[in-house]
Structure formats: C-alpha cells, structure tokens
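Undergrad: Chains as they are written, first to last, in the numbering used here: chain A, 149 to 603; chain B, 149 to 603.
The set of hints was computed from the structure by calculation and includes no laboratory data. Please note that the accuracy of each hint is not assured.
Heads up, the list lumps identical chains together, so a pair's fine if it works in one copy or across two of them.
Said to hold, decoys possible - Straight line, CA to CA, 30 Å or less: simulated DSSO-like cross-link-like pairs of lysine-lysine:
#1 K569 / K434
#2 K536 / K202
#3 K202 / K434
#4 K466 / K536
2 protein chains.
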Amino acid sequence: MAETLEQEQSNLTHQRLQEVTQLLEQGMFVRVRRMLEDMEPEDIAHLLEASPPKGRLVLWQLTDPEDQGEILDELSEDVKDGIMVRMAPDQLAAATEGMETDDVAYLLRSLPQDVSQDVLAEMDAQDRTRVQQALSYPEESAGGIMNTDVITIRDDVTVDVVLRYLRMRGELPDTTDTLYVIDPNGRLIGNLPISALLVNQPDTDIADIMDAPDEAISVTMDDGDVASLFERRNWVSAPVVDEHNHLVGRITIDDVVDIIREDAEHSMMSMAGLDDEEDTFAPAFKSARRRSIWLGINVLAALTAASVSNMFEGTLDKMAAIAVLMTIVPSMGGVAGNQTVALVIRGLAVGHIGDSNTRWLLAKEATVGMINGLVWSMIIGGVVVLWKGNIELGLIISGAMMVNLFVAGIAGVAIPTLLKKYNIDPALAGGMALTTVTDVVGLLAFLGLATLFIT
Amino acid sequence: MAETLEQEQSNLTHQRLQEVTQLLEQGMFVRVRRMLEDMEPEDIAHLLEASPPKGRLVLWQLTDPEDQGEILDELSEDVKDGIMVRMAPDQLAAATEGMETDDVAYLLRSLPQDVSQDVLAEMDAQDRTRVQQALSYPEESAGGIMNTDVITIRDDVTVDVVLRYLRMRGELPDTTDTLYVIDPNGRLIGNLPISALLVNQPDTDIADIMDAPDEAISVTMDDGDVASLFERRNWVSAPVVDEHNHLVGRITIDDVVDIIREDAEHSMMSMAGLDDEEDTFAPAFKSARRRSIWLGINVLAALTAASVSNMFEGTLDKMAAIAVLMTIVPSMGGVAGNQTVALVIRGLAVGHIGDSNTRWLLAKEATVGMINGLVWSMIIGGVVVLWKGNIELGLIISGAMMVNLFVAGIAGVAIPTLLKKYNIDPALAGGMALTTVTDVVGLLAFLGLATLFIT
Chain A
149 MAETLEQEQS NLTHQRLQEV TQLLEQGMFV RVRRMLEDME PEDIAHLLEA
199 SPPKGRLVLW QLTDPEDQGE ILDELSEDVK DGIMVRMAPD QLAAATEGME
249 TDDVAYLLRS LPQDVSQDVL AEMDAQDRTR VQQALSYPEE SAGGIMNTDV
299 ITIRDDVTVD VVLRYLRMRG ELPDTTDTLY VIDPNGRLIG NLPISALLVN
349 QPDTDIADIM DAPDEAISVT MDDGDVASLF ERRNWVSAPV VDEHNHLVGR
399 ITIDDVVDII REDAEHSMMS MAGLDDEEDT FAPAFKSARR RSIWLGINVL
449 AALTAASVSN MFEGTLDKMA AIAVLMTIVP SMGGVAGNQT VALVIRGLAV
499 GHIGDSNTRW LLAKEATVGM INGLVWSMII GGVVVLWKGN IELGLIISGA
549 MMVNLFVAGI AGVAIPTLLK KYNIDPALAG GMALTTVTDV VGLLAFLGLA
599 TLFIT
Chain B
149 MAETLEQEQS NLTHQRLQEV TQLLEQGMFV RVRRMLEDME PEDIAHLLEA
199 SPPKGRLVLW QLTDPEDQGE ILDELSEDVK DGIMVRMAPD QLAAATEGME
249 TDDVAYLLRS LPQDVSQDVL AEMDAQDRTR VQQALSYPEE SAGGIMNTDV
299 ITIRDDVTVD VVLRYLRMRG ELPDTTDTLY VIDPNGRLIG NLPISALLVN
349 QPDTDIADIM DAPDEAISVT MDDGDVASLF ERRNWVSAPV VDEHNHLVGR
399 ITIDDVVDII REDAEHSMMS MAGLDDEEDT FAPAFKSARR RSIWLGINVL
449 AALTAASVSN MFEGTLDKMA AIAVLMTIVP SMGGVAGNQT VALVIRGLAV
499 GHIGDSNTRW LLAKEATVGM INGLVWSMII GGVVVLWKGN IELGLIISGA
549 MMVNLFVAGI AGVAIPTLLK KYNIDPALAG GMALTTVTDV VGLLAFLGLA
599 TLFIT
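The task is simple: from the sequences and hints, build the whole structure.
TA: Printed below as a string of structure tokens:
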C-alpha cells in the first residue's frame, strides 16, 4: 500500500530531525543552517515542534532571522513562549517585520508586559501604532484576530476607476477576495467581491454591482463565534466594524482555520485533563507539575469511591468474591456514561443542545442506558454464575449493572448541561464528575444489594 | 455579562425549535413553512440537527424543495441518511440541481447502489457525467472532494484578453481566487491569482505574471493530507491533477474546513468509543446497538481486572480494608496514563511524533510518571495511614502507586505508537488498552505487595 502524504511529510520531518540531531552532535552547524535555509517557515516550525527542548534552542539559533517572525507565528503557545523568553527585544522587533498586524499582536501578548513594551519601542512608528491598536482589543475577540490591511472604495465610481486605482496601487494584501465599499464617514455600506470587477463592463457603477453587507462582525465578537459564522457561511474573508458601523479591519479564513482546529482539540485534551497548548516535548518536571492538579482531583474521586466501599467493610469481610467482582459495575457505568458525556459535549459545543431538547435527550439516553443495562447485565450475570457458581451473586451483579447504566445515561446528559449552565467547561469537568457518580452508584448498588441478600 | 453570539445563535435555534414544535403540534404547517422560507439553508440544517427524529421528518417535508440539496449538504452523515432514505429518486435528483458536483457525489455515496443509480438516471446528461466522474474517485480522496468548475487560460495571451473573456463568461464559480494556466495538452503549467489581473496593465502577458504551480495535489491524495497542506500553506483553493499532470479539478477551503473539523472531532469521539458521525438525537435503540459494542469490549477489560483480583482471593478474605483500598491505585494509573495517551494521539495526528523522538518521549513520560508517582504515593500513603491506622498498608499502597504511575507513563506512549504502527486507530483503541494495562498492573502491584507483606 502506498504511504499517504501525511505519513511522507511526517517521515520527512523525522528523517530531517534525525539528520539534524546527528549534524548538531558533530558540531556541523553550517550544514544545518543551509538545510534550514531551503525549508519553508511552516516546515521549520514543524521541525521545532517535534524536537526535544535541548535541540530546539540550538536549531532556533540557526534559523534565518528574517524568517523568525513567520516561524514563531506557526508554533503552538508553549513552544513559542519557550523560545521568545530567550530573545532580546531588538531581535523580537526585527522578527516582527513583514508580519501581519494581528500576528504581531498575538506574539506580543505572550510576553511579560515590560518586555512587550521594549519590543514595541524597537519597532518603527507606523507598525507600533497599528500593533498598539490591535492590542487594545481582547485577545480572543474579532479585534484580536483581524488585520487592518483592507482596501476600501466608494460607491459612486465605476469599475474602470477601481481597476485603475488597483493597478496604481499594485499587489493586494493576501487573501483579498472582497473590497469594502464605505461612505464618506467610513461606514461600511457594501461588499464588492473582486470577481465582480472581472466580469462586469468597465463603465458599470460600483453601486449597481456591490452586495449588501452580510451579518456584520463586531470588533468585540468572541473569536469562537467568528469561526462558527465563517464555517456556516463559507466565507473566505469578512469585514469587522465598530459599534458605529465604521470599518476597522477584516478577518481571513487562515486565522479562522487555526481557531477551528484549536476549539476542536480543546475538547479532547480537556477531557483527558490536559491543557490544549501543552507542548508534547516539554521538560518532564514542567509536565508533571501541570498534570498533577488533575491527579489531585482524581485522588479525591478515588477516595470517595473507597469510602463507599468502606461502608460495606463487614460485607467484604464475609465474602472475598464480592471484592473480586466489585470493580466491574463501576467500570461499565463509567464507560457508558462517558459515551453520553462525549456526545453531549459535542452537541453543546456546536449548539445543537439547548433548553428545547435537553429533556428529550435525557429520556433518550436513559432509555439507551436501560437497553444496554438489560443486555449486559444478563451477559455479566451469566458469566458470574458460571464463574463463581453462585446464582445469587449473578442476580445481584445484574441488578446493580441495570441501575448503574440507567444512572449513567441520566448523569451523562445532566452533568455537562448543568456545568454549561453555570459556565464551567463541561469538557474539563464532565468526565471526572461522571466517573465519580458512576463509581459511587455502582459500588452502592452492588455492595448494597450484596449486603441485603447475601450476608 | 453580554451573551456571546454563539449562545445567541444557539438560543435562537432553540427558541425557533420550541416555536416550531408548538406550531406543529397545533397543526399550523403553513406558518412553519413560512418561517423556514425566511431562513438560510445552513440555519435550517442546524434546526434539523437539533430536532428529535419525529419532528425532524415533518420539518423536512415543509422545506422548500429548491433548498433541499443545500440543506442536505450541511447535515451530518447520520441525520442526512435518515432523511434521504425517505426521498424518492426524482425528489433527490431535483434536490441536487444547482449543487456543486463534489457535494452531489457526496450525497449519492450514502445511498444504496440501486437508489443512487435511479437518482443518476433522473439527472440531466451533463450533470450525470460530471457526477459519475466524481464518483469514480474514492470518497476520502482529493478526487472525492474536488469540483470540476475550474476556469483555465493559456499563457500566450494578455491580461486584456483574459479580462474580456471573463466579462463575456459572466460570474465566476464560488471561491475562485485563482485561474489555472494550462498548455495545449491540458497540463497544468501555472497559477494566476485573480488579483494579478487587477493590478497588472492590460497589455501584460500572462506568461510573465503567472506563478509556478505549488506542490500539486494528486487526485488520489488522501483528504486528510489535502487538509493539512491547506492548513500549512494557508491556501484558499488549489488545483488537482492526475498522474500525467492534467488539470482535473480544484479543491476549495470550505470543503477543507469540514474535513479539519471532522478529523479533530474524530479523536474526541473515538476516545469515548463513539462513531464521530453519531446523531445526538438518534432513536434510543439505534444508539444503544451502536454503543453496545464498546461496552462489550469493556466487559472483557473489566473481567480481566476481576480475574487479577481473583488470584488474590485469599488475601482479600483475610483483610477487608485491602478490598476497600484496591480501586485507588488502578484509578490513578488510568487517569495519569490517559493524559499521556491523549497527548500522544494528538502528537501522532499532527505528525510531531515519529521514529526520531519516540524514545525521548518514552523517557520523558516515564519521568513524569515517577515524579507524580512519588508525590501522590506519599499523599495517598499518608491518608491511608491516618484513615486505617496501619503503617504497612500505607507503605504498600505507596509502593503500588509508584509502580503503576511509572508503568502508566510508559504504556501511555507505547500503546498508541504501537497501534499506529500496525495501522489501528490509536484514538479508538488507545484509551481502553491503556486502562486495561493500568488496572491489571495496579491490582497486581497492590494486591501482590499486600499478599507478600501483610498476610
């Protein structure tokens, strides 16, 4: 079977990494520098991400200072921070030259206040003003991700006038698919896709061919909302306006793609108790400290479960087989409940779940729990009867399993929707809370039934 | 605090859904139809996704047949299939009119072979040929997601000639940011961003201003690879060529955004044992059947853990406190190991982890496991000594915890990388395999040490 391109690219990165590591060990810095010169900034960024911390800093020293801004922009937060703290303000200022305003602002935000002031002081006046304006908007807002390099036109001119203006201007900003039509006060009154300039006769008036503005993106809109608008409307770029409908910038799809990717990764990483910016190759101590918090929360969950078992010490004392089997019911409940939690977290994230259908979903997931509870309680009950030769024990584990899977279905819907209601991230807290519930209910049901009927 | 737009949109959907549900119950179909007429297809799709199965089909009947193609295209697989099985071939053929070729092919693939043949027969000849060609490529390949509506030009003409040609042609296909330059044999020799037509003088030769083609996308390239190329290179559209470098179509960012979103969701859903196309509002029986498989696998895992405990039945018989505490060590190992698994799955997906750095990562995660093992074993040991007043038991649980977190770090790297090597999806199988390992090792260590030192 042919290898896919992704594998090829990944293999290429890892071949290069092996080569680079060898060359660095042999002190052949000039050859590494030459290798890096032939690579695209985004491929160098990939190489840096895949590189353990020690080699990463040496590699960085060998990159072309002119590319450094673009490379930094492609790196994930943690990796970028690790590199930037070692750069002098003038180096940082030099790296930002030729970068887009929103990307420079993004870099500066990860620096300590005083360092970013020093970097701003090193920049030329025009760039500084632009970047300072971008910094005045919150990081995760439309203002924080927009560019200010928009081309504006008036509506009382003809296609020919615009064409001559553009020819005089030369080169359009990257990803320009639309020109924006403004009134004399700078208010946005229309969009003109550049394709309209190509297919219409030179003497056509702009007013006749411009489109009415789409839903406007306000400069304060949350960046996740910007991303879902782009995704729904299939936009390539969109104008950003202030509260008086003045055009202040535009957002392009390349920045939106990064947000979509990050939002989607966030759920997965949070569910495992990780920060989504966590650097795969961070030093062990740093990783250990970060992950320790999550383990600490789980200690409380595990001790809660243990104290439930502790209530039944007498029962456990009488029959060791109960202790042997007592982990099965909580385990099944945890798995079933987490299926529901994952489904609900995705539904909440994309906005499919709300007040109008939570009750329906609750009933549905409870039914799913009952169906699977029935199926698996019979199977597990049968296995236990055959294994332990004890029919009572089989009935008890069956009963506990049904209870726990039913509860798992309800808790799987209720926990994330309640967390969301109180503005707690369901992806972060949902799984752990669910597991605690299914552990406690599973143990209570199994050990409780055993205490009632066996001892 | 102001509500975010996403919440507003979501609230809007749920307000509408409540309103629609009420109107449907009152039999006021005409008012619902009028409501739907005022909505964008993508918003109707959102409403359908958020609607339980019964209302969904009634709603669908009330949508404008002209919008149905576009609405279907915005729906997720499961929801779409549920609707399409109830449509007649001629209705389906009518819905596909005005849709892009790749989207029609995508729809037809989800139909049974004979139905899709009937739909094709109902389409007009030109559309049929195009769609049949798109269907000849594998679904998850560049050929499967490309459009054939490309505008091609020759390199021996001037800007003015191209402008006149485009004016004569009128309207460009959606998301056209580049024209493709081909030689007389249809081979791709260059790209011409349409902005170049705007900023260059009319008498400029195309050959002088066209760009050399970027890395070509082959028609057989995997769609995930296409997405990562788009993401890295910040493309808006890209040409697709066959093995002889003939231009056969183009791929646009809107289709790529869907793939990026699906790929990222896939990891999260798979880790919870769900199909990523699972419909949140599917009927309970259908959901139960699908999820049952995963529960069945977990039964095996839970029985494996129980049979480990079973080996120590004698020990459990002697001291019930051991049974009470025996779930703590497996639980902590599972959580710690799954943090590593999630990190490695993401690293493998984006290509940061490969042969060159797996060993480094293994050493790092083992170290993280040791550090956190040390920290939490002391804390848990202390808690157990205070709780149970038994120093031996405290030491035993500490020792078992250290062993299990160390193993969890190693298994967390080893399991997903090995699964990937044998072409098994690490997101699907990784978490369950890891939990089985940490359960078995945790129980072996704790009960084994208890058997050696206490009884």
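Undergrad: For each hint given before, does the structure comply? Return the numbers of the non-compliant ones in rising order.
TA: 2
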